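Can you make the complete structure from the sequences, with help from the hints?
Which chain is which? The protein sequence lines are W and Y, in order.
Its first residue numbered 1, the first sequence is counted upward by one per residue in this note's numbering.
Its first residue numbered 1, the second sequence is counted upward by one per residue in this note's numbering.
Worth flagging that the hints you see were computed from the coordinates, not collected in a lab.
All of these numbers come straight from a predicted model, not from anything done at the bench.
Below, simulated PhoX-like cross-link-like pairs (lysine-lysine); rule was C-alpha separation at most 25 Å, straight line:
hint, chain 1, residue 1, chain 2, residue 2
1, Y, K241, W, K37
2, W, K300, W, K363
3, W, K30, Y, K241
4, Y, K300, Y, K363
5, Y, K174, Y, K37
6, Y, K158, W, K158
7, W, K241, Y, K30
8, W, K300, W, K348
9, W, K348, W, K363
10, W, K241, Y, K37
11, Y, K300, Y, K348
12, W, K37, W, K174
Away from chain W, derived, C-beta distances all over 12 Å, residues of chain Y:
hint, residue
13, P183
14, G184
15, A191
16, P214
17, G222
18, D230
19, A269
20, P318
21, G332
22, R340
23, G360
Over 10 Å on every C-beta distance to chain W, these chain Y residues come out as not near it, computed from the model:
hint, residue
24, C79
25, P156
26, H171
27, D173
28, E182
29, G215
30, A218
31, G223
32, S273
33, L282
34, T284
35, A287
36, A293
37, P350
38, G361
39, L365
Heads up, the beta-carbon is just placed ideally off N, CA and C, and yes, glycines get one too.
Number of protein chains: 2
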Amino acid sequence: MTQSHTYAAAGVDVAGEGAALAGLLGWVRKSHAFRPKGTMGHLGVDVGYFASVLELTPELGLAVAADGVGTKILVAQLCDRYDTVGIDLVAMNVNDLVCIGAEPISILDYIAVEGLDPDMLEQIGRGLYAGAEQSGAAISGGELAQIGAMLRGARPGKAFDLAAVALGTIHPDKVNLGAAVEPGDVVVGWASSGIHSNGLSLARRVLIDAEGAPGLDAPLPGGAGETVADALLEPTRIYVKAALELLRDESVEVTALAHITGGGFQNMARIASSCGYLLDTLPTPPAIFQALAAGGVPTKDLYEAYNMGVGMAVTVRPGGEERALEVARSHGWEASVIGRATAEAGIKLPGVGLQSSGEGGFKPL
Amino acid sequence: MTQSHTYAAAGVDVAGEGAALAGLLGWVRKSHAFRPKGTMGHLGVDVGYFASVLELTPELGLAVAADGVGTKILVAQLCDRYDTVGIDLVAMNVNDLVCIGAEPISILDYIAVEGLDPDMLEQIGRGLYAGAEQSGAAISGGELAQIGAMLRGARPGKAFDLAAVALGTIHPDKVNLGAAVEPGDVVVGWASSGIHSNGLSLARRVLIDAEGAPGLDAPLPGGAGETVADALLEPTRIYVKAALELLRDESVEVTALAHITGGGFQNMARIASSCGYLLDTLPTPPAIFQALAAGGVPTKDLYEAYNMGVGMAVTVRPGGEERALEVARSHGWEASVIGRATAEAGIKLPGVGLQSSGEGGFKPL
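If you want it as structure tokens, here you go:
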């Protein structure tokens with residue numbers, strides 16, 4: 001018998017996030033007054049978009065984004081394997097940066113550890129290096145904090161946390177917030193490499209901890225022979241070089257890029273245009289998501305927590321879709337047209353009967 | 001009867017840090033190849049200095065630094081008071097930035113929480129705002145991660161961690177690594193506001209947890225009536241505006257600035273000059289450090305873990321010391337000449353009979 005698992009029940013209160021953040025974000029936004037426009041100040045990109053931009057000069061904007069790896073780290077500990085989470089860390093940040101059109105140049109990492117484990121740290125470093133290479137950025141610095149009293153882990157002595165900030169450059173006139181998206185624009189989905197770095201609490205619970213769960217070392221149900229551990233730890237795909245290639249191709253007008261992370265396709269609601277998105281040709285969800293469904297996660301929860309096979313949603317003017325597909329394929333991953341922009345706001349997934357305004361989760365369509 | 005507490009015994013292995021980091025730092029340094037000079041690359045400032053610098057244009061350098069608050073967060077939890085640690089977070093980062101002469105423009109924070117506590121988050125935000133105001137920087141973005149399964153706290157439901165990256169601007173030709181320090185240069189100490197954000201594990205153990213310790217609510221022994229809690233939570237002083245004022249004063253040549261954090265005066269060994277420092281007129285340590293000594297912390301451990309009353313060591317050409325003192329006092333804090341640069345390398349503290357090469361801790365003088 002399968003059990004039902006909801007995202008909130010797995011320890012992450014997504015719905016409550018907005019209200020809980022209001023006080024904090026009020027102070028953050030107010031601080032922008034200390035750097036008004038013309039003094040290396042903000043370019044009017046809200047902290048809620050994929051990245052913020054500081055105008056350093058009229059010709060040079062600095063895009064900034066912050067993110068962590070989250071509980072994928074616990075899976076790494078369970079597997080005693082630490083050379084992939086550094087890639088996830090870089091990926092989560094640089095994929096956000098490139099959404100506004102910025103070219104990543106630098107990453108700064110924060111590594112909090114229970115104890116100084118040279119081999120574990122070396123493996124983390126190896127992943128950071130691989131992620132930096134895939135994004136064309138340098139790791140410019142970081143902090144290693146020994147705060148054992150503040151951390152919990154899944155393996156004695158190996159508790160740690162990872163977060164980072166990524167920096168990129170962009171001409172201030174070229175910041176892409178998706179304001180130009182028009183009804184009829186085509187949405188191309190670039191395939192994810194798995195569940196990336198979101199929803200791991202729920203996935204751990206369903207695939208490892210639950211009664212009757214396959215467990216870490218079992219083959220992933222429906223997979224190509226990889227274990228559950230391999231499937232869960234698969235590093236987040238880095239879309240930077242493909243995205244920059246497409247953005248620089250003058251034959252295509254890329255009207256928006258949306259990194260599909262926690263919240264799933266609801267991330268497209270961040271796009272500045274008043275359009276909505278009808279995603280009526282989504283690909284069949286890869287095996288890992290089918291295994292989560294088979295483990296009892298309701299469809300609504302799946303689509304609220306996971307990328308469901310699409311890691312980057314690329315919106316282009318009609319006619320640009322062929323190039324958007326080609327670029328992805330030339331980088332070695334699958335891509336398909338997943339839908340189009342609509343005059344009506346909201347994200348609609350008719351294939352699974354769900355819709356969302358971008359806040360408060362998906363509802364029946 | 002007092003007990004002896006060493007820094008290592010309080011859970012932080014300072015001596016082992018170098019070796020444990022070697023593998024990680026190897027990958028970090030190697031990643032700099034992805035951004036060679038002329039491509040928004042690194043300016044040759046090693047990741048071990050207070051901040052790194054990326055050369056965005058021949059006229060514009062971007063200084064970057066990362067740091068966290070560490071276990072001061074546990075003290076905040078014990079006190080159920082969260083409006084000061086945001087100041088500490090900003091301070092630890094911007095005080096590093098200004099050491100190389102950079103002007104902070106932006107801060108990105110990472111807040112990891114056990115649960116979404118709106119009031120706690122609002123208080124953290126208030127501190128971030130105050131720190132941003134004191135440093136003239138905007139909080140440009142951040143990440144709030146709910147990772148309860150990875151955190152431990154001192155109060156149920158209130159576990160959290162705080163880290164940040166600070167960004168500043170500096171002309172690439174003006175990056176100050178202290179290479180110009182010469183024997184005879186005068187070292188002025190700008191007073192700290194307390195123990196700042198280092199050595200809190202040891203302080204907590206000695207002043208709160210140990211048998212016979214005064215405890216959080218007792219008056220600080222030798223203090224001015226403040227409680228141990230108040231003394232421990234006193235926010236880290238932000239030296240940015242004073243430092244920038246002094247750096248811009250053409251009547252003074254500031255040859256080095258060293259933020260005195262974990263490692264104490266050994267931080268001065270980071271200064272690029274081959275000089276050493278004879279600190280023979282250090283101020284009397286403030287009450288908090290005397291209380292730690294009375295609690296059994298050996299002198300060597302005190303000077304290895306704490307600022308001992310000096311939060312920023314400002315090295316100037318002889319004749320500049322009066323201005324360095326005045327600027328600090330005009331900002332409302334004490335300052336005094338604490339020593340001078342010497343031809344012989346190493347940091348010497350004759351008043352307490354200690355010396356250090358900058359690595360491996362203090363030894364008897």
